[in-house]
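Going down the list, the sequences are from chains A and B.
Its first residue numbered 1, the first sequence is counted upward by one per residue in the numbering used here.
Its first residue numbered 1, the second sequence is counted upward by one per residue in the numbering used here.
Hints were generated in silico from the structure; no laboratory data involved.
There could be a bad hint or two in this list.
[What the hints assert, rightly or not] No farther apart than 25 Å at their CA atoms in a straight line, the calculated lysine-lysine pairs in the BS3-like style are these: (1) K163/A - K48/B; (2) K116/A - K261/B; (3) K139/A - K6/B; (4) K165/A - K69/A; (5) K86/A - K10/A; (6) K6/B - K123/A; (7) K261/B - K81/A; (8) K331/B - K86/A; (9) K331/B - K81/A; (10) K123/A - K69/A; (11) K128/A - K297/B; (12) K139/A - K12/B; (13) K48/B - K331/B; (14) K48/B - K69/B; (15) K48/B - K261/B; (16) K119/A - K261/B; (17) K116/A - K131/A; (18) K297/B - K128/B; (19) K139/A - K10/B; (20) K116/A - K139/A; (21) K9/B - K123/A; (22) K9/B - K261/B; (23) K9/B - K119/A.
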Amino acid sequence: MTTFTIDGVKKSFTNGEVEEQVLNGINLSLQEGEITALVGASGSGKSTLLTIAAGLQRASGGQVIFEGKDMTDMSQEDIRKVRASKFGFIFQSSHLVPFLTVSEQLMLMLDVSEIKMSKHEQKEEVFKILKLVGMDHRKDAYPASLSGGEKQRVAIARAIIHKPKILFADEPTASLDSKRSKDVMKLIRDLTNTLNITTLIVTHDEEMLPYADHIITMKDGLII
Amino acid sequence: MNMAWKEIKKSKMRFAILGSIIFLVSFLTFIISGLANGLSQDNAALIKDLPKGHFYMNADANETYNLSKIDASVQNTILTEHPDAAALSIQMGFLNDAEDKQHSVAFVTSTDSNLFENVAPGEIVLDKTLEDDGLKVGDILTNNQFKGEFKVTAFVDQKKYSHAPVAFINMDNYKEIYGVKNMQLIFIPGQDQPQAINGLDSFSNKDFLNTIASYSAEQLSLNMIIWFLVAISGMLFAIFFYMMNVQKIGLYGILKAIGVKTSALFRMMWSQMIFITAIALILSIALSQGFNMIAPKGMPFSLTLATTIELSIIFVIIGFIGATLSGIQIKKVEPLQAIQQGEM
Chain A
1 MTTFTIDGVK KSFTNGEVEE QVLNGINLSL QEGEITALVG ASGSGKSTLL TIAAGLQRAS
61 GGQVIFEGKD MTDMSQEDIR KVRASKFGFI FQSSHLVPFL TVSEQLMLML DVSEIKMSKH
121 EQKEEVFKIL KLVGMDHRKD AYPASLSGGE KQRVAIARAI IHKPKILFAD EPTASLDSKR
181 SKDVMKLIRD LTNTLNITTL IVTHDEEMLP YADHIITMKD GLII
Chain B
1 MNMAWKEIKK SKMRFAILGS IIFLVSFLTF IISGLANGLS QDNAALIKDL PKGHFYMNAD
61 ANETYNLSKI DASVQNTILT EHPDAAALSI QMGFLNDAED KQHSVAFVTS TDSNLFENVA
121 PGEIVLDKTL EDDGLKVGDI LTNNQFKGEF KVTAFVDQKK YSHAPVAFIN MDNYKEIYGV
181 KNMQLIFIPG QDQPQAINGL DSFSNKDFLN TIASYSAEQL SLNMIIWFLV AISGMLFAIF
241 FYMMNVQKIG LYGILKAIGV KTSALFRMMW SQMIFITAIA LILSIALSQG FNMIAPKGMP
301 FSLTLATTIE LSIIFVIIGF IGATLSGIQI KKVEPLQAIQ QGEM
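All chains should be modelled from the sequences, with the hints used to inform the complete structure.
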């Protein structure tokens, strides 16, 4: 089932007097419970497309339809609400909050998404998700004491704890070695299936492509 | 989740440095304020401790009470009309004790009134600081311009004028010392509005203090120091919170990206500011009040709790404004920019 549609999205940046067209009218549909991978050379526009889809920047033209609403027409506050409750993010770096423990990182996401849960239920949910990503034994650790792979696992747990409809991942394995990269991709694959999440992932690592259901190649701001 | 507290717990040193600077600046401000008040008391406790009212002096005295001579008939009319009023004179002078040691004093005399000490001829009532200098009740004091002797009958608290202890003497004795016939001033207590009296200028208590050149110059300098310190502390707040916010731009961006409200980030910053400021102020209030109690007797230092609380409220307001101005960056942070900057 299609849950997310990108329709004729364009994006241009003005650099001095020169206007640079980064996206030239992208059409894309994302399916529930599937991973769509965006691949392409550096500068092809894949990360720009992902950030527009995730509501982190505005498109210059076209529509981004989510749950029947055009996100390009939404106010900043409405987009924030969507990001907080319906989207999950995994970035190239884990971007964990340095002064929160592993379990607090997840509790914060539950607070932000405004899911009505008692403190006890929150703790149970945090423990369940940490177990799912294999980090339950480090629940009281601060980010500074975690390895790169562990941090990325916590980032994944934070991205899915509020049961998002869409998971956006921008080069989630870029800072990891080959073995850890595969572990993380396998985890994203399993979670996409188990939680029936729609996942859009940007990667330049060909070894990660077998985990995707659809592979979209981009070049010069177009899907080829 | 109380992120503000969690960050303070994790970054104790950073917040301790900020807190210690607020503590030092506020402590310095309290001490300077205490000295200013102390000097003010030392300079004019005699006038400051009077009830609210109005002073009157000759219009042609050019706002200098030393040059004022109130006509006896005008004085009598006013005192008849206002039984609680008093005519008074103040002059600096010297007293010699039995060992011929000279004591600088401000001689004060007045008509019968409960506003000033009423003293019989040949008697003298002194400020308590002279008791600390070794004078006792019953001591005999002399003055070069006075034929008789003064017998010390009592000591009174907090009666200072122009940094000298006040010596209350009888009006006849005063007239003999200074060779005058008229009083310099009339004070009518309890007046909200001054009364128009032909040939006399009126001054509120505060306005009268400002006619004393040494008092206004001294207070102006000290008050300038105090307000400079308050302004500097405001700038320090803004600079420190600005620096802390610059370091946290990436964090704010990521928090915004995952959906944290900008208002929640401001609340986080404000609660940290209030917490740090409150701890720093409590410490400096406690220390400055402690200093108030142990300050050497000769040091003019007076710091009331009301003044400290008033200054503390100003510090909190200034801290709030400083932190809020620096927090404008939070509003400007683009989540995308923070994500692209990499690991925090």
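Let me make sure I understand: some of the numbered hints might not hold for this structure. Which ones are they, in numerical order? Of the numbered hints, 1, 10, 11, 13, 15 do not hold.
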